[in-house]
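S.K.: Sequence:
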Amino acid sequence: MLASRIPTPHPVLGFYGPDSMMWRINREAVLLGCGPTALLLQIAHPHVAEGVAQHSDFAAAPFRRLEATVRTTMGLVFGDGPRAERAVRRLNGVHAAVRGEATDLLARRVVGPAYRALDPDLLLWVQATLIMTSVRAYERWVAPLTPDERERFWAEARSVGVRIGIPLALSPVDWPAFEGYWARMLAPDGPIQVTPTARGLAPMIVRPPIPLVPGPLLDLAALPGLALLPERIRAGFGLPWGAGRAVVAGAAAAGLRTWVGLMPPSWRAMPQARAAERRARRERQAPQPAGSPRP
Numbered sequence: 001m002l003a004s005r006i007p008t009p010h011p012v013l014g015f016y017g018p019d020s021m022m023w024r025i026n027r028e029a030v031l032l033g034c035g036p037t038a039l040l041l042q043i044a045h046p047h048v049a050e051g052v053a054q055h056s057d058f059a060a061a062p063f064r065r066l067e068a069t070v071r072t073t074m075g076l077v078f079g080d081g082p083r084a085e086r087a088v089r090r091l092n093g094v095h096a097a098v099r100g101e102a103t104d105l106l107a108r109r110v111v112g113p114a115y116r117a118l119d120p121d122l123l124l125w126v127q128a129t130l131i132m133t134s135v136r137a138y139e140r141w142v143a144p145l146t147p148d149e150r151e152r153f154w155a156e157a158r159s160v161g162v163r164i165g166i167p168l169a170l171s172p173v174d175w176p177a178f179e180g181y182w183a184r185m186l187a188p189d190g191p192i193q194v195t196p197t198a199r200g201l202a203p204m205i206v207r208p209p210i211p212l213v214p215g216p217l218l219d220l221a222a223l224p225g226l227a228l229l230p231e232r233i234r235a236g237f238g239l240p241w242g243a244g245r246a247v248v249a250g251a252a253a254a255g256l257r258t259w260v261g262l263m264p265p266s267w268r269a270m271p272q273a274r275a276a277e278r279r280a281r282r283e284r285q286a287p288q289p290a291g292s293p294r295p
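For the sequence shown, position 43 (counting from the first letter as 1) is numbered 43 according to my numbering, and the numbering increases by one without interruption.
Think of the hints as simulated: they come from the structure by calculation, not from any bench. Among the hints, a few may not be true.
[Unchecked claim] Listed next, with one range per pair, are the computed distances between beta-carbon atoms:
(1) VAL162 <-> GLU139: 25 to 33 Å
(2) GLY261 <-> ASP148: 18 to 26 Å
(3) ALA97 <-> LEU32: 34 to 42 Å
(4) ALA60 <-> VAL12: 35 to 43 Å
(5) GLU139 <-> ARG274: 19 to 27 Å
(6) ARG90 <-> VAL12: 52 to 60 Å
(7) HIS55 <-> VAL162: 20 to 28 Å
(8) VAL247 <-> ALA286: 21 to 29 Å
(9) VAL247 <-> PRO11: 48 to 56 Å
Note that CB positions come from ideal geometry on N, CA and C, so glycine has one too.
The whole structure should be built from the sequences, with the hints applied where relevant.
M.R.: Written as structure tokens, this is what we have:
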């Protein structure tokens, strides 16, 4: 099985490669639009919200966490061997320093007082938010995925998850099990509860201060991503929603699909993806020692 061993990245292709679902899905630049959605879902876990509030300058630099998440994700997904290994070390090193006591009373009641970022349960939740939002955004904004493609995407994530502290024994074994985990975490009596601490962080995610960009335009741009949130989570953050916003979000999603369909694949790809694809082409064209398989 793909996830039966601790993965070691290929020197040129990294952890994945041109035939992987990781490359196919994460190459799409339009998926940056679901980054804030993943951040909101992450801080909807009370311990993640406490860690962000206590150990980052999120309020002063709201884009820094998203930028760091994107940079690390791109390194893990599209980096060559050394770059992928650096991304693993950087991620594990940052998490090692994040621990403490929750000050939010709801957080203490729901998930307990003590937290640490290297807790495998927290790591699994953060990984899950990235996987589920990517799948849902891709299917709404780019193209449908088959059950087999979703299965492969999760299997690839699960395998490399071992390198960032998520034991295989904890990780859902397949996509249906992953969907079951997602439903349990988001159940009304589950651990995902929007605390006052999380609500205090949310405005910097939903409407970050961007010079010269009017607030109403930011609100409009956020709608397709906010449509991916479960209703209970939107309500917990106090995000207004209704039939009108849902219609606008649907129209925006249709516009994104149209744009994706009109653009050449190279125009809509993340720069890290284009660089990785160039490396892969060079690797395939390079002379190979007799008897060695091509990547």
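S.K.: Determine for every hint whether it applies to the structure shown.
M.R.: Comparing the hints with the structure gives:
1. Here the CB-CB span from VAL162 to GLU139 is close to 27 Å, well matched to the stated 25 to 33 Å.
2. Judged by the Cβ atoms, the range 18 to 26 Å given for GLY261 and ASP148 holds: they are separated by roughly 23 Å.
3. A hinted range of 34 to 42 Å for the beta carbons of ALA97 and LEU32 is inconsistent with their spacing of about 27 Å.
4. For ALA60 and VAL12, the hinted distance range of 35 to 43 Å is satisfied, since their beta carbons lie about 39 Å from each other.
5. At about 23 Å, the beta-carbon gap between GLU139 and ARG274 stays in the expected band of 19 to 27 Å.
6. Distance hint check: the CB atoms of ARG90 and VAL12 are about 20 Å apart, inconsistent with the given range 52 to 60 Å.
7. Distance hint check: the CB atoms of HIS55 and VAL162 are about 25 Å apart, consistent with the given range 20 to 28 Å.
8. At about 52 Å, the beta-carbon gap between VAL247 and ALA286 misses the expected band of 21 to 29 Å.
9. In this structure the hint that VAL247 and PRO11 lie 48 to 56 Å apart at CB holds, the actual value being about 50 Å.
The structure shown violates the earlier hints numbered 3, 6 and 8.
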